[in-house]
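Chemist: Note that our numbering has the sequence shown beginning at 526, numbered continuously upward.
Fair warning: there could be bad hints in the mix.
Simulated restraints, written as ranges between beta carbons of each label pair [claimed, not checked]:
hint, residue 1, residue 2, range
1, T728, D681, 24 to 32 Å
2, I784, G528, 48 to 56 Å
3, F780, G642, 22 to 30 Å
4, D750, R805, 17 to 25 Å
Hints listed in this document are in silico derivations from the structure and should not be mistaken for laboratory results.
Using N, Cα and C, we set each Cβ at its ideal position, and we do this for glycine too.
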Amino acid sequence: MSGPLFERMALIGVGLIGASLSLAAQRHGLVGEIVGCARKPETRAKAEELGICARTTDDPAEAVREADLVMICTPVGAYAEVAERIAPALAKGTVVSDVGSVKQATIRDVGPYLPEGVHFVPGHPVAGTEKSGPEAGFAELFERRWTILTPPPGTDTQAVERVTRLWTSCGAMVEEMEAAHHDRVLAVTSHLPHLIAYTIVSTAADLEPGEMREVVKFSAGGFRDFTRIAASDPIMWRDIFLNNRDAVLEVLQRFNEDITALQRAIRWGEGGFLEDHFRRTRDLRQEVVQAHQAGSFDPREPDATPKTPGERALADQAAPGPGTHDPHGS
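Please model the entire structure based on the sequences and the hints provided.
Modeler: Written out as C-alpha coordinates, the structure is:
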(Lines of atoms letter the chains of each structure in order from A; the text may use other names.)
(Lines give C-alpha, C1' and ligand atoms only; values in the text may rest on other atoms or scores of the structure.)
Protein backbone atom coordinates (compact mmCIF):
# COMPACT_ATOMS: atom_id res chain seq x y z
CA MET A 526 0.00 0.00 0.00
CA SER A 527 1.60 3.26 -1.16
CA GLY A 528 -0.21 5.48 1.35
CA PRO A 529 -2.75 5.25 4.14
CA LEU A 530 -6.09 3.64 3.41
CA PHE A 531 -7.85 6.60 5.04
CA GLU A 532 -6.47 10.09 5.57
CA ARG A 533 -8.38 10.81 8.79
CA MET A 534 -10.33 8.49 11.05
CA ALA A 535 -12.73 9.87 13.64
CA LEU A 536 -13.32 7.60 16.62
CA ILE A 537 -16.61 8.36 18.36
CA GLY A 538 -15.89 6.66 21.67
CA VAL A 539 -12.38 5.69 22.74
CA GLY A 540 -12.79 2.51 24.76
CA LEU A 541 -11.24 -0.93 24.38
CA ILE A 542 -12.31 -1.50 20.76
CA GLY A 543 -11.77 2.05 19.51
CA ALA A 544 -8.37 2.30 21.18
CA SER A 545 -7.30 -1.11 19.87
CA LEU A 546 -8.39 -0.22 16.34
CA SER A 547 -6.43 3.03 16.53
CA LEU A 548 -3.29 1.27 17.72
CA ALA A 549 -3.59 -1.44 15.06
CA ALA A 550 -4.26 1.12 12.31
CA GLN A 551 -1.23 3.13 13.36
CA ARG A 552 0.98 0.06 13.54
CA HIS A 553 0.08 -0.93 9.98
CA GLY A 554 0.05 2.58 8.48
CA LEU A 555 -3.64 2.45 7.59
CA VAL A 556 -4.71 5.94 8.69
CA GLY A 557 -3.00 9.31 8.39
CA GLU A 558 -4.55 11.03 11.43
CA ILE A 559 -6.85 9.82 14.20
CA VAL A 560 -9.24 12.17 16.02
CA GLY A 561 -11.07 10.93 19.10
CA CYS A 562 -14.35 12.00 20.66
CA ALA A 563 -15.27 11.28 24.28
CA ARG A 564 -17.40 13.04 26.88
CA LYS A 565 -15.11 12.64 29.86
CA PRO A 566 -12.03 14.90 30.05
CA GLU A 567 -10.01 12.11 31.67
CA THR A 568 -10.79 9.76 28.78
CA ARG A 569 -9.69 12.35 26.24
CA ALA A 570 -6.51 13.09 28.18
CA LYS A 571 -5.64 9.40 28.46
CA ALA A 572 -6.27 8.81 24.74
CA GLU A 573 -3.84 11.59 23.84
CA GLU A 574 -1.31 10.58 26.49
CA LEU A 575 -1.17 7.01 25.20
CA GLY A 576 -0.90 8.08 21.56
CA ILE A 577 -4.27 6.62 20.64
CA CYS A 578 -5.48 9.91 19.16
CA ALA A 579 -3.55 12.86 17.79
CA ARG A 580 -6.23 15.12 19.24
CA THR A 581 -9.58 14.75 20.95
CA THR A 582 -12.83 16.64 21.46
CA ASP A 583 -16.13 16.23 23.26
CA ASP A 584 -18.07 17.36 20.16
CA PRO A 585 -18.91 14.53 17.71
CA ALA A 586 -19.54 16.98 14.85
CA GLU A 587 -16.13 18.56 15.32
CA ALA A 588 -14.48 15.13 15.43
CA VAL A 589 -15.88 14.03 12.05
CA ARG A 590 -15.11 17.19 10.08
CA GLU A 591 -12.79 16.36 7.17
CA ALA A 592 -12.70 12.70 8.23
CA ASP A 593 -12.99 10.16 5.43
CA LEU A 594 -13.69 7.37 7.93
CA VAL A 595 -15.96 7.64 10.97
CA MET A 596 -15.97 4.70 13.37
CA ILE A 597 -18.76 4.74 15.97
CA CYS A 598 -17.46 2.96 19.08
CA THR A 599 -20.01 3.96 21.71
CA PRO A 600 -22.56 1.62 23.33
CA VAL A 601 -25.26 0.86 20.76
CA GLY A 602 -27.90 2.68 22.79
CA ALA A 603 -26.18 5.97 21.95
CA TYR A 604 -26.03 5.40 18.19
CA ALA A 605 -29.08 7.43 17.20
CA GLU A 606 -27.90 10.48 19.13
CA VAL A 607 -24.40 10.15 17.68
CA ALA A 608 -25.72 9.83 14.12
CA GLU A 609 -27.97 12.86 14.51
CA ARG A 610 -25.09 14.98 15.82
CA ILE A 611 -22.49 14.00 13.23
CA ALA A 612 -24.75 14.02 10.15
CA PRO A 613 -24.49 17.76 9.32
CA ALA A 614 -20.67 17.63 9.45
CA LEU A 615 -20.16 14.57 7.24
CA ALA A 616 -18.54 15.22 3.87
CA LYS A 617 -19.70 13.50 0.71
CA GLY A 618 -17.81 10.25 0.21
CA THR A 619 -17.17 9.70 3.92
CA VAL A 620 -17.39 6.09 5.10
CA VAL A 621 -19.29 5.57 8.35
CA SER A 622 -18.88 2.28 10.19
CA ASP A 623 -19.19 0.97 13.73
CA VAL A 624 -18.14 -1.82 16.08
CA GLY A 625 -21.46 -2.65 17.75
CA SER A 626 -22.61 -6.15 18.64
CA VAL A 627 -26.17 -5.63 17.31
CA LYS A 628 -26.62 -4.82 13.62
CA GLN A 629 -30.35 -4.45 12.90
CA ALA A 630 -30.57 -1.72 15.54
CA THR A 631 -27.43 -0.11 14.12
CA ILE A 632 -28.97 0.16 10.66
CA ARG A 633 -32.27 1.36 12.15
CA ASP A 634 -30.69 4.04 14.35
CA VAL A 635 -27.86 5.33 12.16
CA GLY A 636 -28.92 4.92 8.54
CA PRO A 637 -31.82 7.42 8.44
CA TYR A 638 -29.61 10.29 9.63
CA LEU A 639 -26.81 9.89 7.09
CA PRO A 640 -26.91 12.30 4.14
CA GLU A 641 -26.81 11.19 0.54
CA GLY A 642 -23.30 10.42 -0.66
CA VAL A 643 -22.13 9.10 2.72
CA HIS A 644 -21.38 5.37 2.69
CA PHE A 645 -22.61 3.26 5.61
CA VAL A 646 -20.82 -0.05 6.31
CA PRO A 647 -21.91 -1.48 9.68
CA GLY A 648 -19.39 -3.82 11.28
CA HIS A 649 -18.76 -5.94 14.35
CA PRO A 650 -15.29 -7.11 15.37
CA VAL A 651 -15.95 -10.30 17.34
CA ALA A 652 -13.13 -9.65 19.77
CA GLY A 653 -12.65 -8.11 23.16
CA THR A 654 -11.80 -8.54 26.81
CA GLU A 655 -13.68 -7.66 29.99
CA LYS A 656 -11.62 -4.46 30.27
CA SER A 657 -12.80 -1.03 29.20
CA GLY A 658 -11.36 2.42 28.60
CA PRO A 659 -8.57 3.64 26.32
CA GLU A 660 -5.84 2.16 28.52
CA ALA A 661 -7.30 -1.31 27.84
CA GLY A 662 -6.59 -1.15 24.10
CA PHE A 663 -3.88 -3.18 22.38
CA ALA A 664 -3.05 -3.54 18.70
CA GLU A 665 -3.17 -7.34 18.62
CA LEU A 666 -6.80 -7.58 19.72
CA PHE A 667 -8.21 -8.37 16.26
CA GLU A 668 -5.57 -10.81 15.06
CA ARG A 669 -7.11 -14.10 13.88
CA ARG A 670 -10.52 -12.92 15.04
CA TRP A 671 -13.61 -12.42 12.89
CA THR A 672 -15.06 -9.08 11.91
CA ILE A 673 -18.57 -9.30 10.48
CA LEU A 674 -19.78 -6.62 8.06
CA THR A 675 -23.50 -6.13 7.45
CA PRO A 676 -23.77 -3.53 4.66
CA PRO A 677 -27.38 -2.73 3.74
CA PRO A 678 -28.47 -3.50 0.16
CA GLY A 679 -27.11 -0.96 -2.30
CA THR A 680 -24.07 0.00 -0.22
CA ASP A 681 -21.17 1.30 -2.30
CA THR A 682 -18.94 -1.69 -3.06
CA GLN A 683 -15.72 0.32 -2.90
CA ALA A 684 -16.62 1.51 0.59
CA VAL A 685 -17.18 -2.08 1.68
CA GLU A 686 -13.85 -3.08 0.15
CA ARG A 687 -12.02 -0.30 2.00
CA VAL A 688 -13.53 -1.26 5.35
CA THR A 689 -12.70 -4.89 4.63
CA ARG A 690 -9.08 -3.95 3.92
CA LEU A 691 -8.92 -1.95 7.13
CA TRP A 692 -9.89 -4.96 9.21
CA THR A 693 -7.85 -7.55 7.33
CA SER A 694 -4.81 -5.30 7.57
CA CYS A 695 -5.36 -5.27 11.36
CA GLY A 696 -5.17 -9.07 11.30
CA ALA A 697 -8.88 -9.88 11.29
CA MET A 698 -10.80 -12.32 9.14
CA VAL A 699 -13.81 -10.66 7.50
CA GLU A 700 -17.17 -12.06 6.49
CA GLU A 701 -20.29 -10.31 5.19
CA MET A 702 -23.64 -11.27 6.64
CA GLU A 703 -27.24 -10.08 6.61
CA ALA A 704 -27.94 -8.03 9.72
CA ALA A 705 -30.82 -10.13 11.07
CA HIS A 706 -28.79 -13.32 10.66
CA HIS A 707 -25.86 -11.71 12.48
CA ASP A 708 -28.10 -10.85 15.42
CA ARG A 709 -29.44 -14.40 15.69
CA VAL A 710 -25.96 -15.94 15.56
CA LEU A 711 -24.47 -13.52 18.08
CA ALA A 712 -27.40 -14.05 20.43
CA VAL A 713 -26.13 -17.63 20.79
CA THR A 714 -22.37 -17.14 20.65
CA SER A 715 -22.03 -13.94 22.68
CA HIS A 716 -25.16 -12.42 24.16
CA LEU A 717 -26.62 -15.47 25.93
CA PRO A 718 -23.24 -16.48 27.45
CA HIS A 719 -22.89 -13.01 28.95
CA LEU A 720 -26.43 -13.13 30.31
CA ILE A 721 -25.72 -16.52 31.90
CA ALA A 722 -22.45 -15.26 33.38
CA TYR A 723 -24.12 -12.22 34.92
CA THR A 724 -26.83 -14.48 36.37
CA ILE A 725 -24.48 -17.09 37.85
CA VAL A 726 -22.30 -14.46 39.49
CA SER A 727 -25.41 -12.69 40.79
CA THR A 728 -26.65 -15.97 42.26
CA ALA A 729 -23.33 -16.43 44.06
CA ALA A 730 -23.42 -12.85 45.30
CA ASP A 731 -26.79 -13.53 46.97
CA LEU A 732 -25.42 -16.34 49.15
CA GLU A 733 -24.92 -15.91 52.87
CA PRO A 734 -21.73 -13.90 53.62
CA GLY A 735 -19.88 -16.95 54.93
CA GLU A 736 -20.72 -19.04 51.88
CA MET A 737 -19.89 -16.12 49.61
CA ARG A 738 -16.38 -15.87 51.09
CA GLU A 739 -15.87 -19.59 50.47
CA VAL A 740 -17.11 -19.25 46.89
CA VAL A 741 -14.45 -16.60 46.32
CA LYS A 742 -11.78 -18.60 48.15
CA PHE A 743 -12.42 -21.87 46.36
CA SER A 744 -13.37 -20.52 42.93
CA ALA A 745 -12.68 -23.16 40.30
CA GLY A 746 -11.82 -22.40 36.70
CA GLY A 747 -15.41 -22.44 35.48
CA PHE A 748 -16.65 -19.91 38.02
CA ARG A 749 -13.59 -17.72 37.47
CA ASP A 750 -14.40 -17.64 33.76
CA PHE A 751 -17.94 -16.53 34.55
CA THR A 752 -16.67 -13.75 36.84
CA ARG A 753 -14.35 -12.54 34.09
CA ILE A 754 -17.22 -12.33 31.60
CA ALA A 755 -19.47 -10.70 34.20
CA ALA A 756 -16.85 -7.97 34.67
CA SER A 757 -17.67 -6.60 31.20
CA ASP A 758 -19.01 -3.08 30.72
CA PRO A 759 -22.58 -3.05 32.15
CA ILE A 760 -23.78 -0.13 30.01
CA MET A 761 -22.61 -1.78 26.81
CA TRP A 762 -24.32 -5.05 27.69
CA ARG A 763 -27.52 -3.36 28.85
CA ASP A 764 -27.78 -1.76 25.41
CA ILE A 765 -26.97 -5.01 23.60
CA PHE A 766 -29.74 -6.94 25.34
CA LEU A 767 -32.32 -4.19 24.84
CA ASN A 768 -31.43 -3.73 21.17
CA ASN A 769 -31.28 -7.44 20.28
CA ARG A 770 -34.35 -8.28 22.33
CA ASP A 771 -36.15 -10.66 19.98
CA ALA A 772 -33.14 -12.83 19.16
CA VAL A 773 -31.99 -12.95 22.79
CA LEU A 774 -35.45 -13.89 24.06
CA GLU A 775 -35.75 -16.64 21.44
CA VAL A 776 -32.43 -18.26 22.33
CA LEU A 777 -33.10 -17.73 26.04
CA GLN A 778 -36.35 -19.69 25.67
CA ARG A 779 -34.45 -22.55 24.05
CA PHE A 780 -31.87 -22.41 26.83
CA ASN A 781 -34.59 -22.55 29.49
CA GLU A 782 -36.06 -25.64 27.81
CA ASP A 783 -32.65 -27.33 27.85
CA ILE A 784 -32.12 -26.40 31.50
CA THR A 785 -35.52 -27.88 32.36
CA ALA A 786 -34.59 -31.12 30.58
CA LEU A 787 -31.30 -31.32 32.48
CA GLN A 788 -33.04 -30.57 35.76
CA ARG A 789 -35.44 -33.43 35.12
CA ALA A 790 -32.62 -35.82 34.16
CA ILE A 791 -30.74 -35.05 37.37
CA ARG A 792 -33.87 -35.44 39.48
CA TRP A 793 -34.71 -38.85 37.99
CA GLY A 794 -31.14 -40.12 37.75
CA GLU A 795 -31.10 -40.32 33.95
CA GLY A 796 -27.35 -40.76 33.58
CA GLY A 797 -27.54 -41.77 29.93
CA PHE A 798 -29.28 -38.52 29.02
CA LEU A 799 -26.68 -36.49 30.89
CA GLU A 800 -23.74 -38.34 29.35
CA ASP A 801 -25.13 -37.96 25.82
CA HIS A 802 -25.76 -34.26 26.42
CA PHE A 803 -22.21 -33.70 27.67
CA ARG A 804 -20.68 -35.66 24.77
CA ARG A 805 -22.53 -33.54 22.23
CA THR A 806 -21.35 -30.32 23.86
CA ARG A 807 -17.79 -31.63 23.99
CA ASP A 808 -17.93 -32.31 20.25
CA LEU A 809 -18.95 -28.70 19.64
CA ARG A 810 -16.01 -27.52 21.74
CA GLN A 811 -13.68 -29.52 19.49
CA GLU A 812 -15.14 -27.76 16.45
CA VAL A 813 -14.41 -24.40 18.08
CA VAL A 814 -10.81 -25.47 18.75
CA GLN A 815 -10.37 -26.73 15.18
CA ALA A 816 -11.69 -23.40 13.88
CA HIS A 817 -8.89 -21.68 15.85
CA GLN A 818 -11.40 -19.66 17.86
CA ALA A 819 -10.56 -21.08 21.29
CA GLY A 820 -7.61 -18.86 22.12
CA SER A 821 -7.50 -15.86 24.40
CA PHE A 822 -6.01 -12.40 24.02
CA ASP A 823 -5.78 -11.37 27.64
CA PRO A 824 -2.76 -9.16 28.26
CA ARG A 825 -3.07 -9.82 31.99
CA GLU A 826 -2.04 -13.45 31.62
CA PRO A 827 1.12 -14.09 33.67
CA ASP A 828 3.16 -15.25 30.70
CA ALA A 829 2.10 -12.36 28.47
CA THR A 830 4.19 -9.29 27.84
CA PRO A 831 2.38 -5.98 28.41
CA LYS A 832 0.33 -5.23 25.30
CA THR A 833 -1.71 -2.17 26.21
CA PRO A 834 -0.17 1.30 26.33
CA GLY A 835 -1.32 1.61 29.94
CA GLU A 836 0.34 -1.66 30.92
CA ARG A 837 3.54 -0.74 29.10
CA ALA A 838 3.58 2.59 30.91
CA LEU A 839 3.11 0.85 34.27
CA ALA A 840 5.85 -1.60 33.41
CA ASP A 841 8.17 1.26 32.49
CA GLN A 842 7.39 3.03 35.76
CA ALA A 843 8.15 -0.14 37.71
CA ALA A 844 11.40 -0.78 35.88
CA PRO A 845 14.51 -0.41 38.06
CA GLY A 846 16.52 1.27 35.38
CA PRO A 847 17.70 1.24 31.75
CA GLY A 848 17.69 -2.09 30.00
CA THR A 849 14.45 -3.33 31.56
CA HIS A 850 11.66 -4.02 29.03
CA ASP A 851 8.14 -4.47 29.40
CA PRO A 852 -14.12 -5.62 25.51
CA HIS A 853 -16.00 1.75 25.26
CA GLY A 854 -14.86 4.93 26.55
CA SER A 855 -17.07 7.94 26.99
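Chemist: At the C-beta level, are F780 and G642 separated by a distance inside 22 to 30 Å?
Modeler: Roughly 44 Å apart at Cβ, these two residues miss the hinted range, so it is violated.
Chemist: Taking the beta carbons of D750 and R805, is their distance inside 17 to 25 Å?
Modeler: holds (20 Å)
Chemist: So does I784 sit 48 to 56 Å from G528, Cβ to Cβ?
Modeler: Distance hint for I784, G528 holds at roughly 55 Å.
Chemist: Per the hint of 24 to 32 Å, is the separation of the Cβ atoms of T728 and D681 within bounds?
Modeler: Check failed, 48 Å falls outside 24 to 32 Å.
In summary, the numbered hints that this structure violates are 1 and 3.
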